[in-house]
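I would like the entire structure built from these sequences, with the hints used as guidance.
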Amino acid sequence: MSQNRNDIREEKPSIEPFRLPDVETPRRLWLPRFWRDSGHWNDAVVSWSMLITPAILRSLSYWMGYTTLALILLPVGYCFGFVLGLCLAMILSTFFSADGMCQRH
Numbered sequence: 000m001s002q003n004r005n006d007i008r009e010e011k012p013s014i015e016p017f018r019l020p021d022v023e024t025p026r027r028l029w030l031p032r033f034w035r036d037s038g039h040w041n042d043a044v045v046s047w048s049m050l051i052t053p054a055i056l057r058s059l060s061y062w063m064g065y066t067t068l069a070l071i072l073l074p075v076g077y078c079f080g081f082v083l084g085l086c087l088a089m090i091l092s093t094f095f096s097a098d099g100m101c102q103r104h
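Residues 0 to 104 in numbering that gives the first Met the number 0 are what the sequence shown spells out, letter by letter.
For the record, the hints were derived by calculation from the structure and aren't laboratory data.
Beta-carbon label-pair distances, calculated as ranges:
| id | residue 1 | residue 2 | range |
| --- | --- | --- | --- |
| 1 | Ile55 | Ile90 | 17 to 23 Å |
| 2 | Leu68 | Met89 | 26 to 32 Å |
| 3 | Tyr61 | Ile90 | 25 to 31 Å |
| 4 | Leu70 | Ile90 | 27 to 33 Å |
| 5 | Leu87 | Thr67 | 28 to 34 Å |
| 6 | Met89 | Gly64 | 33 to 39 Å |
| 7 | Tyr65 | Met89 | 29 to 35 Å |
Bear in mind the structure is a predicted one, so any value in this text is a computation, not a measurement. Cβ atoms here follow ideal geometry from the backbone N, Cα and C, with glycine treated the same way.
Quick look at the structure:
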């Protein structure tokens, strides 16, 4: 079916300049989108934590001179990074959630 030109109504842009409402912006909306994630196990915070934590733990063990500990910390670092990422995602989604899951007054 085709539409007639008369059926299409165009909205005219308003002449009034854009004004922000006179309400205070909540602190959680000032943060970037990364910090306003949903807090699931596959959150970006968990993924980054699983990548960064083993590297930090292995670097510290090499720096202290424990090369055997560095080999052991590879699988342990991923597990620790996963748990640390879950904790970070829980904290960030509690205080900075995009949908206002837990609003602090």
